[in-house]
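Student: Residue strings, one per chain:
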Amino acid sequence: MSVAERVSPSTYLRADVLAGLGSLDLIARRLVEGAMVGLHRSPKFGFSQEFAEYRAYNEGDDLRFVDWNVYARTDRAYIKRFQGDTNTRVNVLLDCSGSMDFGEPVTKWQTAQYLCAALAYLIKNQHDAFGLNIFNTHTVSELPPSASPDRLQRVLSQLHAAKPESGTDLPASLTALSQRLTQRGLVVLISDLYGDTDALIKAMQPFAHAGQELMVFHTLDREELEPTQNRISAIKDLETQEKVVVAPEYFAQTYRSKIQAHCGAVEQACVGLGADYIRVMTDEPLDAVLHAYLRRRETRPS
Amino acid sequence: MSLLFPAFLAGLVAWLGPWILHRFNREDPPETSFPSSQFLEPTRVPESRKRKLRHIDLFGLRTLFVLAVCLLFAQPSCTSDSLSSNSQRNTFVVIDRSASMQTGDRWPQAVEAAREVLRSGGSDSSNLTGASNAVQLFDLSSELRAHADLSNDAAQAVSALNQLQPSFEAAQYGRMMQQLDALAARESLPVDVVFVTDEQQSNFPVQRRLLRTQHIDSFEVVRVTNSESNLSVRASASTEDGVNVQISTDVLWSTAQSSQDSASQSDAQSIDATVFVSDENRELASKNVQLFANKTQRIAFESVILPGVNVQALSVRVAGDANDSLAIDSEIQVPVSKREPILVGMTAVDDAIPETPALFVNTALTTDRLARVVSLDNATGDAWSAAQHWVVFLKAPQGEPLVLPDNVTSYVESGGNALVVLQSQPGNLNDATESAGSPSDTGYVGSVNTAHPLGLGELNWRDISVYETHPLTVNLTDDVLIRSSDGTPYLIERLFNEGNTRRSGRVLVLNDSLNGISSDLPLQTAFVDWTAQVIRWFDATTAYPDRLDAGQSVLLPAGAQVISPDGQPLRELAGMSAAEAVVLREPGIHTVATRSGSHALSVTVPWVESNLTSVEADTAWQSGLVESDVAGDAGTVSTPNAVSETPILTDAAKLPWLSWLLPIMALSLLAENLVANRRLRIRRDGL
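Taken in sequence, the protein lines are chains H and L. Here our numbering runs 208 ahead of the position in the first sequence, where the first position is 1. Here our numbering runs 2 ahead of the position in the second sequence, where the first position is 1.
Hints may contain errors.
To be verified - Covered, in the sense of this in silico footprint (three residues per stretch, anywhere, with C-beta under 8 Å from a C-beta of chain L), are these stretches of chain H:
no.: 1; region: 394–407
no.: 2; region: 440–452
no.: 3; region: 459–466
Everything labelled a hint here was simulated from the structure, so no lab data went into it. Note that this is a predicted model, so its numbers are computed, not measured. The beta carbon of each residue, even a glycine, is placed where N, CA and C say it ideally should be.
Given only the sequences and the hints, what does the whole structure look like? Please build it.
Tutor: This is the structure in structure tokens:
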């Protein structure tokens with residue numbers, strides 16, 4: 209996909225968000241596979257300061273890695289091996305369905321744009337590869353993971369070009385992405401997660417099985433959780449454009465319990481899959497949410 | 003409670019509008035966007051919400067507004083009988099004295115009916131109180147006249163009634179009602195009016211609203227009619243050669259049926275009649291004609307030989323098979339008007355008449371025998387009476403205000419008309435070619451007042467070049483009719499005695515020497531037309547009509563006299579020093595004598611009085627009025643005591659709260675806006 213236009217970073221990279229991120233890094237808590245030296249632990253041995261194991265010297269091994277002290281004491285030659293550090297690939301799955309175009313003071317789509325841009329900025333500074341997949345009922349745009357210098361700019365352009373519209377097919381998009389990923393890395397899902405709860409959970413499972421580290425950013429508006437309708441209204445679905453006449457009493461009782469149950473089910477499923485579930489409200493400062501999550505992630509044992 | 007215009011009650015159904023709006027208005031729920039309907043279920047709207055009359059307060063305000071509008075138009079009123087039942091009342095008794103009352107025995111019937119009303123002290127309803135009422139007698143011809151004072155003693159009014167005779171004039175019901183209303187407004191007591199009349203359809207005003215009154219408490223009509231018919235004629239005669247006379251006559255056969263009955267029967271009814279033209283000695287011509295009821299028929303005599311040179315008038319008479327109950331309009335004297343050229347004098351002030359301009363003016367005036375011109379140097383005193391209008395050549399003022407000589411001013415102030423042509427003096431000219439912008443350009447006629455009755459807009463002024471004009475300073479009261487292209491006044495009308503009742507003539511000042519050098523106006527064909535229009539416009543002020551209806555007036559200048567058919571002068575000598583309007587009340591040939599000669603004027607019975615058609619009882623006057631005939635179809639006089647009365651409610655009897663309707667309406671509208679904005683959540687911020 210060609211870059212439609214060059215977008216100023218300040219459009220989506222909010223200064224307050226970047227300042228809140230500070231020196232925090234988004235480091236994979238699981239072993240990730242990369243081709244370059246980076247911040248993340250690699251399943252392979254490498255050249256970090258952290259000792260891994262001894263291995264009996266075999267012919268052909270590099271003599272520089274022979275632990276001569278052990279050889280002096282035991283008269284046996286052993287190779288000293290260290291854990292490897294690598295970079296990782298971060299794939300962001302961004303929902304741009306019509307339902308994202310809702311919320312005050314900013315819409316869920318705008319919140320998602322800021323969040324995605326902040327993550328891209330963070331990943332770029334870590335020299336990790338960043339990939340973006342924007343979808344609704346189909347894939348709207350796709351950027352394969354790359355750590356090239358212009359990656360951030362291309363991400364911003366894609367964010368700018370996409371418009372929230374149409375319906376959504378989140379399970380299909382998750383399934384398609386899981387089938388394409390060959391290396392372990394980070395998968396970030398930014399969506400309002402409307403759809404069949406069981407199908408959604410089922411679509412997330414392959415990521416956990418493949419060793420992918422999954423982070424789910426559930427973007428919601430306060431009106432979705434706590435509707436303030438006080439008269440009978442014709443509710444128009446932003447995705448299907450269908451109209452449903454709903455009484456305020458329904459909003460105050462049944463709807464709230466249903467949406468809470470849905471959110472709870474998704475969160476429980478994420479916990480069960482070892483994924484991070486972060487609820488992002490449109491009326492909350494994005495820097496605070498992101499900073500708190502990254503800080504909690506740093507302190508949490510891997 | 004009653005309503006003057008019950009039809010406006012129909013407007014009350016307009017309150018159904020707000021009721022339907024509030025009762026059946028199905029308000030669709032407002033549409034709201036929501037991210038997903040995944041967790042939503044449709045709610046069934048309760049039926050009670052649809053059927054409920056919503057926004058009761060708003061509905062009440064809107065209904066109040068509609069009600070106020072309806073009442074404002076309907077003008078409801080309550081009778082003040084309860085308030086004034088124990089008080090006295092005044093009664094005006096009006097007897098119709100128009101010419102049609104001479105028909106048959108209408109006048110005796112009317113007098114008898116009026117006498118009975120006067121003796122009974124007004125209408126029957128007033129007698130219920132037992133109080134004696136004051137009565138006053140009026141007669142109606144061309145105007146309303148009071149006889150005797152308003153008094154409880156009817157003897158004086160009855161005495162005055164016995165002296166009355168019907169006139170030859172026409173009654174005007176609309177004017178009478180306005181005059182009665184004004185008289186009633188001066189009275190402190192409620193005023194009842196009893197009108198004894200023959201109720202001619204032709205006397206009713208076209209605009210019936212003129213019959214409406216505000217201060218008359220009740221109005222009763224006592225109609226005197228019989229089954230009469232009338233033959234009437236009116237005519238005009240003119241001659242060009244003094245021998246052959248063309249006579250145009252209108253003949254009418256009318257019956258005393260109502261207009262509705264006569265319309266249905268007019269096609270079936272017809273009579274044979276003959277129109278005779280004669281002089282004092284013998285019959286000159288006659289024509290037979292078939293007349294249909296209430297339809298005017300025009301008959302022309304193309305050429306009647308005038309029996310003598312000195313014959314001033316001819317007699318035109320109509321006779322037919324029908325009974326002619328009103329004889330005064332079936333034979334009239336018609337003056338024979340002779341179409342002669344207008345006599346125009348030409349003079350110069352303090353100088354000899356300039357040769358070239360006089361030639362141009364003379365040529366234009368005598369075209370088509372419009373006028374005959376007499377020239378007179380330095381006309382003074384009585385010499386001004388030698389012509390009907392004057393063309394005066396006057397030296398143009400040299401930049402000073404335009405002042406007319408005293409003899410011209412006095413002539414105009416006495417009713418004469420003059421066209422003043424300014425003549426050039428050495429060194430006092432504007433070169434219009436210089437002000438036109440370039441020496442090679444010529445000036446032209448700039449602005450023209452096309453609205454002036456002189457009819458300047460009908461002429462072609464574009465082809466006229468103006469080379470020289472005189473610098474003029476005009477008065478503020480002068481009306482500049484034409485300006486040249488450099489803005490100099492070119493044709494001015496000087497107004498005399500503006501707002502004064504004294505009659506004065508007309509003066510036009512032409513800022514052109516008419517020598518063919520200062521402009522090419524006298525060389526253009528428009529000059530002849532313009533000159534003719536000026537003379538005709540002048541003539542319209544001094545020409546006397548050939549015929550007038552009895553009761554109309556003729557405006558006479560100072561020194562003029564009018565002689566009645568029996569040879570009596572109608573103007574007092576003391577009043578002849580100023581212009582005066584003289585009312586001519588008797589039919590016949592009148593003679594207007596002025597300094598320039600005499601003029602025969604025929605006064606006839608008004609044509610509207612000749613038509614005896616009466617109105618339908620149910621549509622006459624104002625709605626709600628009940629009339630009573632004192633003469634039936636058989637012509638018998640019923641007793642006026644049997645006259646019934648239904649008072650017409652007027653504004654005087656209305657309740658004062660009527661004046662509160664407008665504030666109520668305004669307040670309800672204001673409150674409706676405020677409540678609607680609040681209840682219906684009308685936003686005013688544009689969002």
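Student: Examine the region 459–466 of chain H: at least three residues should have C-beta closer than 8 Å to a C-beta of chain L.
Tutor: holds (count 3)
Student: Within the region 394–407 of chain H, is the number of residues with a Cβ closer than 8 Å to a Cβ of chain L three or more?
Tutor: With 3 residues close enough to chain L, the hint holds.
Student: Would you check chain L against the region 440–452 of chain H, counting CB to CB pairs closer than 8 Å, and say if three or more residues qualify?
Tutor: It holds, with 12 qualifying residues against the three required.
Hint compliance for this structure: no hint is broken.
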